[in-house]
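There are 2 protein chains.
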Amino acid sequence: MSNRVTDEMDIVSVSSSRRNSESLPHVHKVGIPPKQNLLKEIAGTVKETFFADDPLRHFKDQPRSRKFVLGFQAVFPIFEWGRHYSLSKFKGDLIAGLTIASLCIPQDIGYAKLANLPPQYGLYSSFVPPLIYAFMGSSRDIAIGPVAVVSLLLGSLIQNEIDPTKNPAEYLRLTFTATFFAGITQVTLGFFRLGFLIDFLSHAAIVGFMGGAAVTIALQQLKGLLGIKKFTKKTDIISVMHSVFKAAHHGWNWQTILIGMSFLAFLLVAKYIAKKKKKLFWVPAIAPLISVILSTFFVYITRADKHGVQIVKHIRRGINPASVDQIFFSGEYLAKGFRIGVLAGMIALTEAVAIGRTFASMKDYQLDGNKEMVALGTMNIVGSMTSCYVATGSFSRSAVNYMSGCHTAVSNIVMSGVVLLTLELITPLFKYTPNAILASIIISAVISLIDIEAAILIWKIDKFDFVACMGAFFGVVFSSVEIGLLIAVSISFAKILLQVTRPRTAILGKLPRTTVYRNILQYPDAAKVPGILIVRVDSAIYFSNSNYIKERILRWLVDEAERLKENSQPRIQFLIIEMSPVTDIDTSGIHAMEELLRSLDKRDIKLVLANPGPVVVDKLHASKFHEMIGEDRIFLTVEDAVRTCAPKMDLEP
Amino acid sequence: MSNRVTDEMDIVSVSSSRRNSESLPHVHKVGIPPKQNLLKEIAGTVKETFFADDPLRHFKDQPRSRKFVLGFQAVFPIFEWGRHYSLSKFKGDLIAGLTIASLCIPQDIGYAKLANLPPQYGLYSSFVPPLIYAFMGSSRDIAIGPVAVVSLLLGSLIQNEIDPTKNPAEYLRLTFTATFFAGITQVTLGFFRLGFLIDFLSHAAIVGFMGGAAVTIALQQLKGLLGIKKFTKKTDIISVMHSVFKAAHHGWNWQTILIGMSFLAFLLVAKYIAKKKKKLFWVPAIAPLISVILSTFFVYITRADKHGVQIVKHIRRGINPASVDQIFFSGEYLAKGFRIGVLAGMIALTEAVAIGRTFASMKDYQLDGNKEMVALGTMNIVGSMTSCYVATGSFSRSAVNYMSGCHTAVSNIVMSGVVLLTLELITPLFKYTPNAILASIIISAVISLIDIEAAILIWKIDKFDFVACMGAFFGVVFSSVEIGLLIAVSISFAKILLQVTRPRTAILGKLPRTTVYRNILQYPDAAKVPGILIVRVDSAIYFSNSNYIKERILRWLVDEAERLKENSQPRIQFLIIEMSPVTDIDTSGIHAMEELLRSLDKRDIKLVLANPGPVVVDKLHASKFHEMIGEDRIFLTVEDAVRTCAPKMDLEP
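Going down the list, the protein sequences come from chains A and B.
Counting from 1, one number per residue, gives the positions in the first sequence under our numbering.
Counting from 1, one number per residue, gives the positions in the second sequence under our numbering.
Worth flagging that the hints you see were computed from the coordinates, not collected in a lab.
Source: prediction; values computed, not measured.
Just so you know, not all the hints are guaranteed correct.
A pair holds if it fits inside one copy or across any two, identical chains being indistinguishable in the list.
What the hints assert, rightly or not - When the alpha-carbon atoms are kept at most 30 Å apart in a straight line, the in silico BS3-like pairs for lysine-lysine are as follows: (1) K279 x K602; (2) K528 x K40; (3) K313 x K278; (4) K565 x K67; (5) K91 x K277.
The following block holds chain A by itself, in its conformation from the complex (with noise of 0.2 Å):
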């Protein structure tokens, strides 16, 4: 098939084989980049690592006035797109508003269960946050308020410090606390332009803590679902099946069993409805809302209270009281809840940049990770003092707003107004409301959040991140959620080690009637030349991998001489190492070559080095080692450095 192109290389070795003899140092030069201004070169990499997505571009050669306009949209994009905003893209965020208020209602009193506080503070959270977000925030798809994971993270690690049942203002006060911190750090990260460290919670670290954590959630939910009184604190699988075992004699409630399994099903049937007919996509996002009207309503009829029905009870009414003076700015509890909210606020801060990047290259439109972080800590720590806790983009209600046909974060807006009208109108009527049906919903919210097909994919594509998957998921679900976090974080550390201390190598042959050399484990085909062994490094050379590679490839020559002299072949005379994937060298770097070289020197092989990039080149000079091996040893490609090694050659075994 490929008999043209080759054949025709073929030429070109042949003819090149036969002009050697005559032309032999010919061969292009390897480039040496311009010198830099030291300056410059910092600047550059500062850049590179801070503002790699270059956020001033805009303000390049603007007039003052403009600059400050462009300035004022940057911090409040809503300035910006809200000029072009139309009566068209209102219908569709006001529709997919109401979709997503119908769905967070629920959810947000159930939320507020799951981080050990009263109902109303789940609604809190999500009026002051959305407001804040939908000016400041540039995703136009994610739905601002509490989470899940988010809930339970906060739940479990204030409640280690304060028991909410016998002390609930403390409590609400180290939550408020948590929250303030959560939306420093976020704004710090972002304000520093740091965001890159949420970057070091992997994919599949993050599939794994994300279902674990569901888990988790819904194991909590027995209790509401079975209608336990006394059950326990810890969040792990085995206190929490023998809680759920001890009470199953007298502690069961067969009504709360019948309500919460009823509309448990009823809820699953409407999310499968909706993954067969796409279209149907607002039957799981309305089936919540109906679900606690129905219920409520039945409860009250029947006053299934009486019979040990669990009801929500009190909600108050009227909307977020003022909590500045409630932030702990002092005393013990200042550095529980910074150390409490740095971790929420990362976490949340995760959750809300994952969702961002998805629907952002779902629609093709650029999301600006630092600026957002901003937006969703200015939106916590505003949050905090107006009694809400940590709120960031939940994933199930962002994708019902995507589906729903939102165009903006007006969506956001909307949905806050509601919450509002629920907050001052309605909630007297959640008096009713089972907690078994916040159970079954919040079940049903969090079993998405399993994502089976991932892991199984992530199984196929990489055995090392499904470790850290796994890990993640068992350290939840076994242990706690930070123990989870801490495993799944130390796994993807572990796998930057493992790629910086050992990169991989690789001998290289010729490609039959080609000038191509390449790997000779992934082309069988490809041929050793005689006399010369060729090494690819894969990586940069540091400090870390330095000794290793020079390890590696006199190893790879001793291994090599062996075989060639059971076969009796000519010894090799010379190592090409081939540095294209070198990107850069340190200092311990250059020592390991150095040392190489010396150990090359002693056995009478010569040292060629094949195309090193800009920054290595520079490097080399500097250190004078392209003195040590020759100028004349540094070539362009691996088929210039073999066409001029070749000849040079004593073939003799």
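Here the structure of chain A is known, so what remains is to put chain B in place on it, guided by the hints.
Then chain B, alone, in the frame of chain A:
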């Protein structure tokens, strides 16, 4: 100069473009590596990570009895090299051993003071550990014993826990405990083949750390050199200088200063002589012992100790007493000893391994780092039971050992023998040795740890390394040894993280009259291909950088599109990603590629891959990504890709 070869290439590229129209898809195919068994794959990774040096290769295909002998020799290399030992080798070892013994005895006494221990403990540590090492170690040049940096580290860390003047017995016990755990740490790292962990202290960090420690140690010697009685316990330069100047008026002793300074001058001159004439290397090696003898004699005659010249006073006679019962195996000091031991053990390892590697590379023999660690660890464990504190390889004495012509570790046995005789016979003679002499010996020993040339070279080669170097240096000098170490390790890690989060990317252009594509910044004459953007990604695509890479590529596209628009040139229709340096991709990376593909589809740009490696090809298949972009859009080389894409383009702007 490179005319002929490039002319010839020109012919190819012309002929190939001529042929393009007839035979387009006939290009070499990308190799798909043979499917590997999962277990095999994992075993391969584990082997490469932990057994990169294949320590069991000699054991292959050997009868069982031979295996046993080999195993025994592997643990005790002396039984391997001892069989070829000869008288001529012993001559070299004897001279080297005597030379390092004369150097080590005064140093040992001084270093023991640095660790706040009575002087004999320095000698003890030069008796037992070198013996053990001689049997188990595989370096031929290293000289074992107490060293300045570890003594300082141990002294300052243990002093934080127990006051050595108020509670010398407990202090000593904690020292043995720390030594024991230092040994355990070293054996563990070696046994579990985690030796690569010490590679995380980069060369630059070590240079800075050693320099800082040397300055700190020299400053500490001002106490002895100036005869100051009240001296700070802190090691930072500010506290020390404060102490020195506070004592200036009536705390300095002019007799001490006179003795100390004149011998310091003598020692430095001796060093200078050796530097000028390599043959006289033995002058600075025996100068310390001569100084000790002369000054002791001088003080004894003049009874200068009655005029405020501090003297050693008492060194206990006799060899090491057993100390196994003194180690804390329980109680609060167990944990403290453990922590200090781990730290001191790691630092000691770093020094020993660096020395071992340097000399191994100079004499071209292989050193198994992990086996070395086991040897060093065992020697410290045994040492901790025989009244020694942490011993390791000394830079200065190993260099003297090497230059005196040592052949094997027998020189350590000779030295050990001399120390034994010293302990048994002549310790009382040290009674009148002035402390000032010990101070000058230590100063002249540590001064060579300050490697300004290395620092300058680091500055020239890698600015980031220089920051790490200076961070470690100033951290040690202005704060403490631990802080300096922490700074060095943190900066080293930051560098690794930077590398994995912000990999380089480059735009490639075709070198004129070749089929080679190179970075247009390095090769200014490389020309972009109209309508095609060729980007090379210089790193594995992992979760830590997948988003950055995706966004960076999109930004290259946007920049290029703007530039083309301005010059009304044809728009980009193909994006070729040169994947040669991409050694691996994980699930996050695959996701990023999918998002990139989606974004490109929206812009009507086709994604093309060139030369993905074996692992990447494997994972593209596992994730079905190759089907998403189309198998026919993956090429062996950039040239193949360009040749296939170019004719398909519509080149109207």
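Hint by hint, here is what the structure shows:
1. Taking the closest pair of Cα atoms, K279 and K602 come within 30 Å of each other only across two copies (24 Å); inside a single copy the shortest separation is 74 Å, beyond that limit.
2. In this assembly of identical chains, K528 and K40 lie within 30 Å of each other by CA distance solely across copies; the values are 25 Å between and 43 Å within a copy.
3. Proximity of K313 and K278 under a CA criterion of 30 Å is satisfied in neither setting, with 37 Å inside one chain copy and 92 Å between copies.
4. In this assembly of identical chains, the alpha carbons of K565 and K67 lie at most 30 Å apart only when taken from different copies (25 Å versus 72 Å within one copy).
5. In this assembly of identical chains, the alpha carbons of K91 and K277 lie at most 30 Å apart only when taken from the same copy (23 Å versus 90 Å across copies).
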